[in-house]
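Hints in hand, dock the two standalone chains.
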Amino acid sequence: MRVSLKWLAEYVDVTLSPEELGHRLTMAGLELETIDRVGGEWDEELITVGRVVAVEPHPNADRLVLATVDYGGEAPQTVVCGAPNVEAEQKIAFARAGATLIDGRSGKPSILKPAKIRGVESAGMVCSEKELGLSGEHEGILVLAEDAPVGTPLAAYLGDAILNLDLTPNRPDWMSMLGVAREVAALTGAEVREPEHTYADQDESAPAKVAVEIADPDLCSRYVAAVIEGVRLGPSPQWLQERLIAGGMRPINNVVDITNYVMLELGQPLHAFDFGTVKDAKIIVRRARAGERLVTLDGEERALTDDMLVIADAEKPLALAGVMGGADSEVTDTTTMILLESATFHAANVRRTAAKLRSRTEASTRFEKGLSPELAMVAAQRATKLLVELAGGSALHGQVDCYPTPANDVQIDVTRRRLLQVLGIDLPTSTVRATLTSLGFSCRWVPPELYQVRVPYWRTDVAIADDVAEEVARIVGYDRIPTKNLGGEVPSAIAQPRRELREQLRDSCVAAGMQEVITYSLTTLELLERVLSPEQLASQPPLKVAHTLSAEYEYLRPTLWASVLKTAAANLRHHEGELALFEASRVYLPQGDELPQEQEHIVGVVTGRREDRWGRPSDEAVDFYDAKGYAQAALGAAGLNATFEDAERFALLPGRTAQLAADGRIVGVVGQVHPTVAAAFDIGQDVYLFELVVDELLPSMGAERAFESIFRFPPVIQDLALVVDRGLAAERVRAAIEEHELVRRVRIFDVYEGAGISPDKKSLALSVTYQSPDRTLTTEEVAKAQASIVKQLRQELSAELRG
Amino acid sequence: MGAGFDLLISHPRRRLTAQRRMLIMPVSMTDQENDKIDLKAIATRARAELDAAADETALETWRVAQLGRKGVVTSVLRRLVDLPIEERRRLGAEANALKGELEAALESKREALAGERLAATMTEGALDVTLPGRAKRIGRLHPVTQTLREMTEIFTSMGFAVIEGPEVESDYYNFQALRIPLDHPARDMQDTLYIDYQRDGVYPYMLRTHTSPNQVRFMEQHSPPIRVIVPGRCYRNEATDPQREWMFSQIELLAVDEGISMADLKGTLFEFAKRMFGQERKVRFRCDYFPFVEPGVDMAIDCFLCGGKGCRTCREGGWIEILGAGMVHPQILQNMGYDTDRYTGFAAGIGAERICLLQHGIEDIRSFYSNDVRFLEQF
Ligand SMILES: [Zn+2]
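Just so you know, the sequences run in chain order X and E.
Going by the numbering used here, the first sequence opens with residue 1, and the numbers climb by one from there.
Going by the numbering used here, the second sequence opens with residue 1, and the numbers climb by one from there.
Hints listed in this document are in silico derivations from the structure and should not be mistaken for laboratory results.
The reader is advised that the hints may include incorrect statements.
Claimed, not checked - For lysine-lysine, the following BS3-like pairs were computed, each having C-alpha atoms within a straight-line distance of at most 25 Å:
1) K109/E - K99/E
2) K99/E - K36/E
3) K70/E - K109/E
4) K99/E - K628/X
5) K130/X - K91/X
6) K484/X - K40/E
7) K130/X - K116/X
8) K762/X - K791/X
9) K484/X - K282/E
With the rest of the complex left out, here is chain E (with noise of 0.2 Å):
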């Protein structure tokens, strides 16, 4: 019986001709059942249909045969009222029990049939499961973007809220506000994209170069403590090479408040370094200038290709730096209209790029703004 159970399923067609046999059987039985009622050819018979049964839907047209409302075992049940007294009893146990035995009978063949159907399942149905997955579309962020979120997250964490600015700038902002007026060497640091647009004999507005112009845009509005964060994308006029991008992405950190001194930034960045690629990077925080800082600070991480000797990617200075940092100047604070006895505060502007970079192990920064699809897909 295993191996025709097993045609049957997998051929509907050949399943169709068996339930049409079950069928026809019960009613020539019905028949023959017209004058006598004999329970032990009944039950003979009812036993031998059940075992050819082959399969759920046979099953069922065997039940409804034997056990259903117009089955033999029920009309039989029904035919003793006509019976005398004394025979009604005696069928009717015997009915009554043919009847359990058979819903017995039917339950451990069902059982049976589902343990066949689960072995072949498991035996001939075996799949090879070295076979790839069916395709399903997978989207991905960009690698700078994913970076962006990570470093967010590891500020938030600090409790720092996340706010966003303008990136077309005024002078004011991006320069003039943080002590970098018009005709300052400082404008070198920075190559700038101006807005083709001139007032005065002089460009107001122009791509900004960095975040910062975010801190005094934010304490303009807001009053001491401020811990804020500020992602956004800035703009430099300058000859790209494997560390260096026009376009890039930054973070600017602003906290300001009673008590903030060198080393909650010193704590502040070493903590988000350590975040973000772990204890063994090692971590170099200089001395550096920005106008708008005092003192100012430069953070680099050691090259991730040549583990400090100096390559192309480190332009040969073993380091990367990811950012530059410091204490805001006290005459910015002040311009604010804070007490600068009281408050004061630490800035940073953070190279996502660069970061992304180091995380990777990227060689050069330029990968990033192709959009290759072949690069992309890997983060």
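Chain X extracted, bound-state conformation (with noise of 0.2 Å):
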């Protein structure tokens, strides 16, 4: 909403300057956005109204005229024009030798200075809306009102301060500059003055020319019909004109202008209809039928449907109900007779048919918001007035008012009571009432506790005591409330191990040495098809949203594997050395008519170089291993354990890809993201990625973490040199040497493949720990259960000691 100060000292006195308005606006609800300056740097002394008193050719230029302005001072002055639109008599903005203006060609600032043009002195300059700031136009000069008073200050006279308010939905009536000028006074205490709305009419009444029936009272709850017959179409009045523009509006003619014009000043949207079109004078208002069509005031052929409410003759639809009028019954230039309708239609339904027309408007969005049916008759009767004042109408006798169930008053009860519990302070019975009061509400105290409280026609948002409550508040500011510590029994705490989990992992992948990501969660179905097979994208395709900003944020992800890797890929254009990248986040399974599954996953992705000593990419590139490790650090962290077993999937390479299981249930994968994968992220080198399902997880969380004391009796290390066949995972013949009773740890230490091993098998190094924890282990015993083992592990796993 764009509030000109100028057009707002009509209605109330200000005498804040406009940023201090705009704060105490602000405070209380109207959020001030910006100001717009009008005139804020024009030279009060220098620029002045003028006079032209009269227009010669210039001796020595054709397109040069010599203008003499009366501008106020002791002698007119004359100066050079260059303009094809100076006339004499106009009342023009004049600028003397000294003032500062935006220089028609470089639209910079600069000092106007006296000059000679072809041999005539000029000292002074009749000024163009782009030299004075206000618009580009420079082909002609400002042509002000004849009633402009010649001399005073061009800032007194045009100049002005727009306030931008952003405003909240529930307050249609602070979409109109009464509504704002009533906030104004209830915060600085000053009185609103109304604006009129008597005028002289005619003896014939209006019900006996025109009939309106509402045909459908659930959408439209007060009708009013005003008619006004000898109307002489033309522009409007120049004040008028500059209001409108203030207010954001472009000037059409006087009668649009006028309906307009109330709009803006009181909030509700108006329409005016050329009475011959309306045929046999009557005005139904009504559901369109299917199959009906109009064409707009825009030029659209709008196909309407039967949940739209139309305003329509004994024939056809003439206008969509609050949203905008039609082609065929628009007033023109040989329009004499006008149908003014002021009618309050239904708030949601012209919001859904303005949304399904998309054509929202400065109708359509006032009466979305909710106006009250008292509103419709203030404005008829106020833009009949102006209709007969400066478009030479007269008016037929009273309205046509159509109001099948005129509202009540909303009267509320308010206790002292409920607004202390609401706002926690007690206000002066006093200070309630005057600043109800100032608002337009009524209010009477009935000790000791009862304010009773009627709400003013136009505060259509106020229902209960709360309501009342707030408008207190916000008037006497919220700077007045008190602040508290919360007191009271603290309830007890809620358990929420899902996310305590996914907590812990997220600090364990940091302590592990990773750096936390997080991507937008909507992402676009051809990443997610590098990641995800065409079996699995069909077998549960993503969710996708409606109307999205961006073709990038389309699809809700079920992975964050592509996320990820783009992520990596990004910062492999400028990074050295390892990149370890993870991200939290959740991923969402479609569940057909429900809502989505949301899990909690951790995807980590890992390459480049390892780094030296000296943190330096070295020649040696992270591996499998890394990943693994990762992972591993990010469970052991948690007090988690997996198992990791040959898999495969789609998007990663097989042979090393690895499944993470815990007490029977797949909680993850790590392994090396397939070349080709890889390539389709524009990563070049090896990349690898794991990822852990926190959902899956969550039930090896026992409720307590199991620990093992340590033992008293020393340990006895052993190492032990296997060789066995290349294909066999090393993890089995581990596991199997930890089963024995005596070994407490068994760690794989190294690998060897190659000379004088045999190419089908390779050797594994493990350190074997005995340790018991009753007593302390002889050689005997050890050397026993190793010759067990090693026997185990021959039949088993024909593993045989290396030599």
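Structure below.
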């Protein structure tokens, strides 16, 4: 909403600066966004309203004239002027030497200096809009209204400050100059001057000339129609045009301008029909019929549906109620008789129709917020008065007022206790009453507890006591509310194991040296296709959002892989050395008609070369075991453990992929990203990935973490070198040894293939810790245990001691 | 000896040579001692050899050769049994004295060597402490995660429990239960990303536009007193700018109990702002409208960049809005079956990215989710 302070002054006296007023309004709920200034930089002394006394040809130039201007000084001044539209008797903006203007050519501020133009001395200027900084218009001079007072500083005559207010959708009354004026009055203690709406009318009455029927009263609570004859279409007076422009609207003709003016002034949208086009002088407010069409004012032909409300005559729709008029019933140059509509339409219905037809208008944005039916009559009278006074019209007596169920005043009982309960401050009754009265409420204090509050008709947003509490608080100022620390009982804690595990894993990824990233939850199908197989995508197509802002963010991701790989790729353009990123976020798994399942995943991506003692990239690239190491570290720090088994996964390289299992559930995967997939992400080097599924790990989180006591008796550590089949998983050997009752722990510390070992074999070096909780093991016991282990391994896994 | 000692430390091969020499000498001595016990000669030789010992290994060799089970002094003592009583007594006393003397000499030589070694560490072994430390990998949390954790910490210390809710929401929880029916103009305040799935001509599911649905979800399952926060990701279908991202994180705050008023809301939020930003930051607490609260509040912090004068980051306003709040609308409490005469509550939705922006002086909110490691590494 654009609020011209010059216009606002018609309804309320403002003594505050535009900034201070903007601040006060902001605190009360009307947020000031910006202030547009008109003429703030005009010199009051040197730039004044002038009158062109005479225009004569320039003696030495065809295109120039000599204009003599009375600017309010002792003697008129003659200046050279090149504008084609300068004429005697015009009121213009005149600048004298020394004034700062915008240079017509460079567009920069410059000081006006006396100059000789084609031999004629010129010490002043008749200004264009561009020179005044009002617009880019530089073809002709700015012509002021005929009644502009000569000698008045232009800043006083034309200057203005326009507050751009960001309004909340609960307050349609704020979408009007009068509504803002009421607010200013309440905030500053000033009085509101309501606009006049009395006028001289004819003996003949409007109801005798036109009939109105509301066929669908659920969508139209009131329809007021006035009839004005003898209207002469033409431009509106200058002041009205200026106000419309200040309000952000374009002047069209006096009739349309007046309806728009009253809408900006009072907040009630109006519509003027050419009376002659209304068949049988009958207005019917009804739902559109299927198949009906209407060409609206913007020239578009609209297909109507039966949930849209139209204003129709006996035959056809004339206008879309509350949204836009029709082209056929529009006022034109030949129009002399007008049917003026001021009606109250159903808020949600107007909104739905406007949205459906994609034509949200100044009118529809007001209707959709819920206007008071009372306003319809006030606005009809105000607009009729202006049509009579400014468009030469003659109004028929009265109006047709179709108001099937008149609204009752809203009365609310508000207790002093409730105000205290909600606001936390016991305001004096005098303050409460004065505040509400200043806003147009009536408030009766019934001691000891009760305020009987009557809500003014324009406050369609106030319905309950707490609404009244807010009114009091925001005008008194939220600053008056004290601050208090929450007291009372602290409710008991709520266990959130999933969240706790996820945060623990997040921490342990960081502890292992990875950088957390957060990527967008929406992505493209193309990116998902890189990491999900066609079968996966076909069996569970990812959810898509409607009307997205960008094709880049269209699909809700069922996997984090693509996002993290894409992030890694972007960073590789400038990153040297090891890159280890992870994300802990949700994925969204469609569940048919239900809300999707949201799983918590952790995905890490590792690539690049390991860093040397100096932190420089070494010659050694990271490998599968780095990724596995991160995954294990993450799990380990969270007190979890998983087994790794050979697996195959789409987008990962077979033979270099393992799935993680815990307690019989697949809890994750680790592997090398398939080089063709990596290449699709523009990653030309080996890149590894792991994924942990928090939801699957959750059941493995014990209520208490099991711990082993430290054994008192010394361990015996013996190394074992075994030759096994090349394809045998080392973990199987390790786990088999660990089965033995005297073995406490087995670690693999080397794998060797090559010289001295047959090509289909590999040598494993294992460090075996023997330890007993209740005694010191003897050499013999250990030797016996080892012998039995070796024998068992030979039988079960064809393992041989390396000779 | 000093210089040679240093060489021995740094050259293992030289040390080995010294060791071998020490091993040979005692053997030859034993041969000479066969006929006559000359304690004086033994003492002189032992002292000389001790003097020559240059490191710990040499000392140990010397100890074995002189004082060990088969060492020179020990064998003297052992041979005393063969001597006449007089001589045995005299020599025995002298030999024991010698043994004690040599043991003491060994100890002081040990200390001297250790001292020299340490001295050498401090001089020749002195390090250039300005060289970089051995590179270790450092992981970091994303700055927004860090901020969310800090915010969570502040509220949990005030007794709020942490819960979570779904990111894909139904129209009912995201809007209708919060007094935003279909075709309500308040829907414009939150441009919505709907899931492309229609039922009866409307989109029933969407990416939640705020964390507020969890007010209803939680109250449906619990009774007052309530004190919870709900951190989570939210989404809006709107163009981005330095202060606005289409994906963002919020922490929802909900407290319902007897005797909760706007003063508690203000106190809680001001305390939060103080702990988050320190005392000196200015706070603006003004009236705003959200259909699910009454009265409604908007809270802003003065812009860190321009100090309130207005700049690109604060969209010329001088303030950065960090949260919307208010007293829970009594109709919502009533829908939950709460006695609205007895219970009141407050709610707030706090934007984490804006807070993070203010904490670190980041000019553009869009830096967060572009995930440039060079940016992330700084937090
Ligand atoms: Zn700023």
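(request) Please name the hints from earlier in the document that this structure breaks, with their numbers sorted from lowest to highest. (result) Checked against the structure, the hints that fail are numbers 4 and 6, while the rest are satisfied.
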